[in-house]
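Starting from the given sequences, assemble the full structure and let the hints guide the process.
Protein sequences appear in the order of chains G and V.
Counting from 44, one number per residue, gives the positions in the first sequence under this note's numbering.
Counting from 497, one number per residue, gives the positions in the second sequence under this note's numbering.
In case anyone wonders, no lab produced these hints; they're calculated from the structure.
For clarity, every value in this text was computed on a predicted model and none was experimentally measured.
Cβ atoms here follow ideal geometry from the backbone N, Cα and C, with glycine treated the same way.
Among these hints, one or two may not hold up.
[Stated by the list, open to error] Derived Cβ-Cβ restraints for the label pairs, each shown as a range:
| no. | chain 1 | residue 1 | chain 2 | residue 2 | range |
| --- | --- | --- | --- | --- | --- |
| 1 | V | Glu524 | G | Asp53 | 30 to 40 Å |
| 2 | G | Ala108 | V | Leu556 | 37 to 47 Å |
| 3 | V | Arg555 | G | Ile87 | 38 to 48 Å |
| 4 | G | Arg65 | V | Gln580 | 28 to 38 Å |
| 5 | V | Gln513 | G | Val107 | 43 to 53 Å |
| 6 | V | Thr516 | G | Pro156 | 41 to 51 Å |
[Stated by the list, open to error] So, partial list: chain G residues that the calculated Cβ filter (under 7 Å) puts toward chain V:
| no. | residue |
| --- | --- |
| 7 | Gly84 |
| 8 | Leu89 |
| 9 | Tyr91 |
| 10 | Gly126 |
| 11 | Phe129 |
| 12 | Ser142 |
| 13 | Arg143 |
| 14 | Phe146 |
| 15 | Glu148 |
| 16 | Gly149 |
| 17 | Thr153 |
[Claimed, not checked] To list a few chain G residues with every Cβ distance to chain V over 10 Å, as calculated:
| no. | residue |
| --- | --- |
| 18 | Glu58 |
| 19 | Asn74 |
| 20 | Ala108 |
| 21 | Tyr112 |
| 22 | Asp124 |
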Amino acid sequence: GIQVEQSPPDLILQEGANSTLRCNFSDSVNNLQWFHQNPWGQLINLFYIPSGTKQNGRLSATTVATERYSLLYISSSQTTDSGVYFCAVGGGSRETSGSRLTFGEGTQLTVNP
Amino acid sequence: DTGVSQDPRHKITKRGQNVTFRCDPISEHNRLYWYRQTLGQGPEFLTYFQNEAQLEKSRLLSDRFSAERPKGSFSTLEIQRTEQGDSAMYLCASSFEFVTQYFGPGTRLLVL
Chain G
44 GIQVEQSPPD LILQEGANST LRCNFSDSVN NLQWFHQNPW GQLINLFYIP
94 SGTKQNGRLS ATTVATERYS LLYISSSQTT DSGVYFCAVG GGSRETSGSR
144 LTFGEGTQLT VNP
Chain V
497 DTGVSQDPRH KITKRGQNVT FRCDPISEHN RLYWYRQTLG QGPEFLTYFQ
547 NEAQLEKSRL LSDRFSAERP KGSFSTLEIQ RTEQGDSAMY LCASSFEFVT
597 QYFGPGTRLL VL
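So this is what it looks like as structure tokens:
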């Protein structure tokens, strides 16, 4: 199946700093989502971005599908940004299109005051 | 709240008991998914439904696991003869066709 690698695995920032999280995937996809998992385990949708660039407030994401990677940018980080960020992809050429999402292992972000 | 809901939120059971979880998707979504997440890992796909048809099952879904979506609305996931290795967060998601999957809050299962 499709492989998803996220980096870095852990990231510690001071409040106000910027950061970039990376997601590499091993096959073409027609679904790519970024999630933030809060301390209670809820997966919060950040972006649906199989290609292109999107922005939502302090967050933005870019997916370069031809090169099989996606980046999540967090600017002016706040303590409430802490948590685990997951990239998940679906619809690889060997998989039933649009069904399962395959998740990376996540980036644990800690923002200190 | 019109998001995905799951019940119960927490379940503690003894090894060998059967448990059943319920998921109510967003009302207009025709696709429903189950995932499992263990500590420190990303969620792993278990199965998905399009309307009432179960179209794909992961190899993770052993014969002790069964899922149903009888009328194409809510879904249930049953685990028979639970084992300690079944302890995990069970997540349900829904979508309309191929696009964004929205996740519920999950059911945390602890098997003693």
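Taking the least C-beta to C-beta distance, is G:Thr153 closer than 7 Å to chain V?
With Cβ-Cβ at 15 Å, over 7 Å, it is violated.
Holds or violated: G:Glu148 as interface residue toward chain V, Cβ cutoff 7 Å?
holds (5 Å)
G:Phe129 as chain V interface residue, shortest Cβ-Cβ below 7 Å:
holds (5 Å)
Would you check whether G:Leu89 satisfies its interface hint, that is, whether its CB is within less than 7 Å of any CB in chain V?
The hint is violated - G:Leu89 has no Cβ within 7 Å of chain V, the shortest such distance being about 11 Å.
Okay, V:Glu524 versus G:Asp53 on CB: inside 30 to 40 Å?
holds (39 Å)
V:Gln513 versus G:Val107 beta-carbon gap, inside 43 to 53 Å or not
holds (48 Å)
Tell me if G:Gly126 is really an interface residue toward chain V, meaning its C-beta lies closer than 7 Å to one of theirs.
At about 13 Å, which exceeds the 7 Å cut-off, the nearest Cβ of chain V leaves the hint on G:Gly126 violated.
Hold the hint about G:Arg143 up to the distance rule: shortest CB distance to chain V must be less than 7 Å.
With Cβ-Cβ at 4 Å, under 7 Å, it holds.
So the hint says 37 to 47 Å: do the beta-carbon atoms of G:Ala108 and V:Leu556 match that?
At 28 Å between Cβs, range violated.
With d taken as the least Cβ-Cβ distance between G:Ala108 and chain V, does d exceed 10 Å?
holds (15 Å)
The hint says 41 to 51 Å between V:Thr516 and G:Pro156; measuring C-beta to C-beta, is that right?
Once the Cβ atoms are compared, 43 Å apart, the range 41 to 51 Å for G:Pro156 and V:Thr516 holds.
Measuring from the C-beta of G:Tyr91 to each C-beta in chain V, is the shortest one below 7 Å?
Interface hint status for G:Tyr91: holds (4 Å vs cutoff 7 Å).
Consistency with the previously given hints fails for numbers 2, 3, 8, 10, 17, 19, ordered from lowest to highest.
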